[in-house]
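Put the two chains together into one complex; each comes in its own frame, and the hints tell you how they fit.
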Amino acid sequence: MAKHLRSNAINKCIGCFSCQRVCATANHQSLSDNMAAIKIRTLGGLNSSYFATHCRGCNNDTPACAEVCPTDALTKREGGGVKLNKSHCIGCRKCEEACFAKAIHFVRNYKYPIVCNQCGLCTKFCPHNCLSMEEGEDD
Amino acid sequence: MINENFIKVLYIDLTNKKVKIDMREDLRKYLGGVGVATRLLEENMRADKEPLDPEQPIIFAIGAVSSVLPVMTKTVAMFISPLTGELGESYAGGRLAYTLFNAGFDAVVITGKAQKLSYIVITDTNVEIKDARSFAGIGAESVGQFIRTVEGGSGKRSIIRIGPAGEKMSKIANVNVDTYRHFGRLGLGACFGSKNLKAIQVTAGDSTRPVPDLKKYFATYRELYDKVTNTTLMSKYHDLGTSINVKVLNKIGALPTRNLQQTEYEHVEEISGEMFAEKNLVRKVACVGCPIGCIHIGQVRRQFAEGYDYESFNVSYDYELISAFGSLIGIDNTDDILELISEAEEIGFDVISGGCCLAWATEAYLRGVITDAETQMPLKFGDKDTYVKVLRKMGEAKTDFYRSLANGVSEVTEKYGGADFGLQIARNEMPQYHTGYGSIVGYVCGARHSHLDNGGYSLDQKFKDQEFNKDVLIDNIFKEEVNRNIINSAIACLFARSVYDNATILKAFAALGVEMTEAELAETAERIYASKLRIKRRLGFNECDVVVPKRILETEGMKRKIDPEIVKELVLMFYNKNQQLMEKYKEEEIKA
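Taken in sequence, the protein lines are chains A and B. Just so we're aligned: 51 in this note's numbering is position 60 of the first sequence, and the numbers increase by one with no gaps anywhere. Just so we're aligned: 559 in this note's numbering is position 538 of the second sequence, and the numbers increase by one with no gaps anywhere.
For reference, chain B alone in the conformation it holds in the complex (with noise of 0.2 Å):
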């Protein structure tokens, strides 16, 4: 935490099954959350190895406020991406920083590999790896009630696990967090597998953290309580939540469909967030210490049997995944979106890479570029019965196809051809938003190739009535990508970017007793981001070599064509940036 002159690191080797705790004063310039860990991950990544080689680091840190003040609820994972081959990052909600927080530890640094499947159960007062070799190929939802039942803590813990997927390797495999969050991108689920780990349970202790200043703490965590539960600030979350952009991005011309061969879809009304809220909306539920309570659960049933047998499934959702199951693929309705995701989550699939995979094989089905020899069935956009067998075959990743496919777009295309119209960018399925010039530069340049590291499709949809500037485009994804690493250090959700601006950032901290200057932040941001930069160039990646599959640059996005040509040099000027950026901390670089 912030007003502690170290960050507490717990280091676990399951090769030797060995545990260790390190107080790292150093680390304070780092602030906590993604600052901690891409240091953590600059220094213990094997830039000579594999992504799934054992000795590869799996990082977790909580932010310097951690589940303390109103929506800082957000953990970040660190890791080598076995799905892009370079930086992996991931944040999730649910309870874990909660959880961490309050067991005392501001990181963990996981490497080796345990013997046997395992899961780790992590308290204030012990750290265990037990045997789970009785989960094995247990769906990622079901493995999470096992666990509660033989684990005590009830209430005060989290659980994060994977599906089957996860255990074969699949480089789309997420990591699901306390059933409705998950670490989803860039194949997390994977590296859990590659270290033969099931699931970490971690249990909030017994030990007690004083309040520094109890005036000054209680008034600034009212102010915020107030500014996130009475102000529209957060109210789009909130209400229909993220899904309100199934219309809204329709209507610009940037929803996703058929494998993006249309930025329109004719059933969006259909998918809509209004027909979730009618048909499906059971209840919302929060992150520990988010008053909001965005995460939405759908609900569905599918009959089983004769005799009104029927089953039923809670499912959260949120735009990316209704895209990615829904317009992308033609399936028009919210009982088969909702369907298809509680199938992924209990395979554990990363919905937004699932939706692309699906895409890709049904048009390179319709094209002849795959043939039945490989699906094994025919495909039609829109069929959500083969859907559900097609995710199957890829979480069994029997034959060679679906393991393929299973591995994502870049390699599924690489050997069966297609990918022309194979959505990736740097080898990461395509967030669901082709707004232009800004998303796709953000998407080449980001540094987790994700909407979310600078935010370009918002800033194609706020510049949309002006001039095109490439300077100012890039000037501000540029300093969005940079500025963003001090909320992700804080770790604030993403969805209270309104409220936690640098100077509300800086009152959190002063709320805690620790007292810092807008020019700290901002050069704490740059030093974050060149550590980013650094690991990223030490596994190869250049974001001038990065190949824009035509499909994303033939399909207009909001109905204005893009030139090929504009990309590249849009991403060279970011590129330029970088580099001048990486110069400035060259100081910082740990040697080999």
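Just chain A, same shape as in the assembly (with noise of 0.2 Å):
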């Protein structure tokens, strides 16, 4: 079955941004993170632990959202998350409103949304093994 991408281990992690680097190297050919679909965050400074935001690989019916696209851009993928497909896409930002992890975005000067595509390049440069792509139950 395909994988899909989680952060159990995110305790672990020690902010160094690799996993969005590579994001958005890797996806958009960009040198900058904001087109990173993972973003790795701290609540209260870096007193406090890191978390990360990211596609959580929704499995039920039909994620959140591709329920709401009216174009059908977004539809779900097989093993958790969503596929995009751009010519689909009119930029209406519904997917972003509806996403209750918050793990999609848009930025600035670019139609469609930033969104995980389960690729799983994040995990191999993850210096501590935080992210890893497991087969998903029901979330």
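Note that these hints are calculated values from the structure, not bench results. Watch out, some of these pointers could steer you wrong.
Partial chain A-side listing against chain B, Cβ under 10 Å, derived [said to hold, decoys possible]:
1) 62
2) 100
3) 114
4) 117
Virtual Cβ for every residue (Gly too), placed ideally from N, Cα, C.
This is the structure:
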């Protein structure tokens, strides 16, 4: 079964942002991390733990983002998460609002949503294996 | 960035509340980082004015490949140092380079003085100067918490700020960067204070920069990432961290102890990197862009009331901090060292300078050079509780003595005596490596009087078993002094200097589509260094005039005697090399 991204070991994160770097590069040919579909954050500054915002790989009937997509540009992906078909996307931003994990965002001057395609590259550039690709149960 | 044909400079004038952006094609030949910042300092400095005059500039610059390749994590700050009166150069990691890169600026030049205490917010679409009066007198960590609360940008911002010491313009005041990193040395905190500048927040913006050649860039990224994470080149920094040096330097007789009366410490085991790891280490974190994560966070708790009421501190520690607040002042356990570091952090003192000040005051008190009339309390080595009180009094700066002490060893010894055992070189408190000729000459001649300028301390250790050769030593120190301007223009963390040799830096540039040769790189290093030397000369600095305090010459380095005459001779040799290099680039001088 296809796998999707998990961040179960995020407590080991050191905040190097290598995951963001490779995601933005490989998926959007960008040197800017705002194009990354995974975001490392802290709550309360560096004294607190890190956590990762990324597509949780919703594996229910229809993920919320796909559910609200008026053009079916976002569709359910086997194994969890969604697939984006850019040619159908009109940039209405309803998916951004619908994602309760805040894992979809838009950037200035780019029409399409930044959404994880479950490529798993970030897991290969995580020095402490905080990230992994796993077969999904229903979330 | 290296693949653009300009350096984007943001000018902020605090007096007139004006902001200007300039695309400087002419600065491209200085690469980025220290090269660009040095040239901007040379352009904007006022040699005729005091270091803390509002007209003096504070320059920040990110490197030629900042944030786009592994361990390219540092931002350089350049200024006129209030501590030494000449070139100020300091580096910090954290998130500052990452956020400046993603806000779209290569360099920032701040001049003037705000009417009231202020902080600056920089984003890619706006620069605002805001009221910070309610943050007056607040500690460096606390003010970070306040700004985090009132400003947006969680997860993609950097907050740099000063504590009360900076506001009072203590010449050893630092600038805290994102809680765990600092522009530590040479008094940048006082420069902030002189401009009524409490803090700066930089927020990563929402514009995007394309990768010029995806295949080439990603192949290089992957290769460097693997080199950094899967080889032993950087394991020292990852494992115990720099604190591994405590035992190493003690063993060779180079660990400054009790104001450098000794170089071996009987309590070395209790303050070793191993002991910190066992007792206090709770996690490691990284600067953005570095998969190593060398920032070692130690935790210490303190009971503040009966009934098991505890508070706890999370503090980052490194070798020089452990030495300065450990062996140098006779502290014999890790908890006390962390508590002292935490105290200095909040007040906003550089710990290395702070340790040298405490060490001098203690010896001066024991020798009767100063008395209770000055200190208001008895001082003795190893007394943590007293040192906490002394640091607070230095922070308050209410008496002439404590004000002077908070201005560094040089100033306090000029007023109160005891200069022979004051640990400063060229007015900068001594770095914590007493290895012999290489270290001392390195401190005297280094552009910022740091062991990191030229690695003289490291050459002492390398040449330990060879016959002493003055020419070889000076050639090597000089070569390193010049060449480090390359890695500092990139700007890689110096801990990655074994990864980023010149050939690898050329490869890094090529990954972004810029081809340069070794020869061009070498010439650039010289050009940058010549600019630094011109700044130092304009401010009246001559390495031959530096008087090295007796204590530093009399205490054996690595168990070997140091001959003051040989030190003078070595400094003169270095001076001659400096003059030659300046002559070569004299056409580039900016006429005042």
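Query raised in the report: Can you give the numbers of the hints that this structure goes against, from lowest to highest?
Result: The structure conflicts with hints 1, 3, although it agrees with all the remaining ones.
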